[in-house]
Amino acid sequence: VHIGDTITSTVTVAEKRDHKKPEFGIVVEKLEVTNQKQETVLVCEHILLVHRKTPASP
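When you line the sequence shown up against my numbering, it's residues 1 to 58, in that order.
Hints listed in this document are in silico derivations from the structure and should not be mistaken for laboratory results.
All figures in this text were calculated on a predicted structure; none of them were measured in a lab.
Every residue, glycine too, gets a C-beta built ideally from N, C-alpha and C.
Check the hints yourself; a few may be wrong.
[Unchecked claim] Derived lysine-lysine pairs resembling DSSO-like cross-links, with alpha carbons at most 30 Å apart:
1. 16 with 53
2. 16 with 30
3. 53 with 21
4. 30 with 20
5. 30 with 53
6. 53 with 20
[Claimed, not checked] Restraint ranges, calculated between C-beta atoms of paired labels, are given here:
7. 4 with 52: 41 to 51 Å
8. 7 with 52: 31 to 41 Å
9. 14 with 39: 20 to 30 Å
10. 14 with 41: 33 to 43 Å
11. 12 with 39: 14 to 24 Å
12. 24 with 4: 40 to 50 Å
13. 5 with 54: 40 to 50 Å
14. 53 with 4: 26 to 36 Å
Between the sequences and the hints, there should be enough to build the whole structure, so can you do that?
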């Protein structure tokens, strides 16, 4: 990536799963960034611990 580049990011939820504590869940999202030539310049995964609106049933 260089000064003046235009980058576009796309985030996709790749996975959702339960956590050992029912009030939480785990979300894995995949981030892809491309430049103005449609070349991929970054790919990564974020693993998020999220608080559920309503706890999962045990």
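**Study point:** Outcome of range test on Cβ distance (residue 4, residue 52; 41 to 51 Å)
**Key:** Distance hint for residue 4, residue 52 holds at roughly 43 Å.
**Study point:** Distance restraint hint 40 to 50 Å, applied to the beta-carbon atoms of residue 5 and residue 54
**Key:** holds (43 Å)
Check your understanding: Can the restraint linking residue 30 and residue 20 be considered satisfied, given a maximum Cα separation of 30 Å?
Key -> Status holds; Cα separation ~23 Å.
Exercise for review: Can you let me know if the beta-carbon spacing of residue 14 and residue 39 is within 20 to 30 Å?
Suggested key: holds (22 Å)
Check your understanding: Do the alpha carbons of residue 16 and residue 53 lie within 30 Å of each other, as the hint requires?
Key -> The hint holds at about 15 Å.
Review point. Between residue 24 and residue 4, does the C-beta distance stay in 40 to 50 Å?
Key: Between residue 24 and residue 4, where Cβ atoms are some 42 Å apart, the hint holds.
Exercise for review: Please work out if residue 16 and residue 30 have their alpha carbons no farther apart than 30 Å.
Suggested key: With a Cα-Cα distance of about 12 Å, the restraint between residue 16 and residue 30 holds, given a limit of 30 Å.
Exercise for review: Indicate whether the distance between the beta carbons of residue 14 and residue 41 respects the range 33 to 43 Å.
Suggested key: Cβ of residue 14 to Cβ of residue 41: about 19 Å, so the range 33 to 43 Å is violated.
Check your understanding: Is the hinted pair residue 30 and residue 53 satisfied, with a Cα-Cα distance of at most 30 Å?
Key -> holds (23 Å)
Point to revise | CB-CB spacing for residue 39 and residue 12 relative to the 14 to 24 Å hint | key: For residue 39 against residue 12, whose Cβ atoms are near 19 Å apart, the range 14 to 24 Å holds.
Practice item. Check the following: the C-beta atoms of residue 53 and residue 4 are separated by a distance inside 26 to 36 Å. Key: violated (42 Å)
Review point. Is it true that the C-beta distance of residue 7 to residue 52 lies inside 31 to 41 Å, as the hint says?
Key: The hinted range 31 to 41 Å holds for residue 7 and residue 52, with Cβ atoms some 33 Å apart.
When held up to the earlier numbered hints, the structure conflicts with 10 and 14 and fits the remainder.
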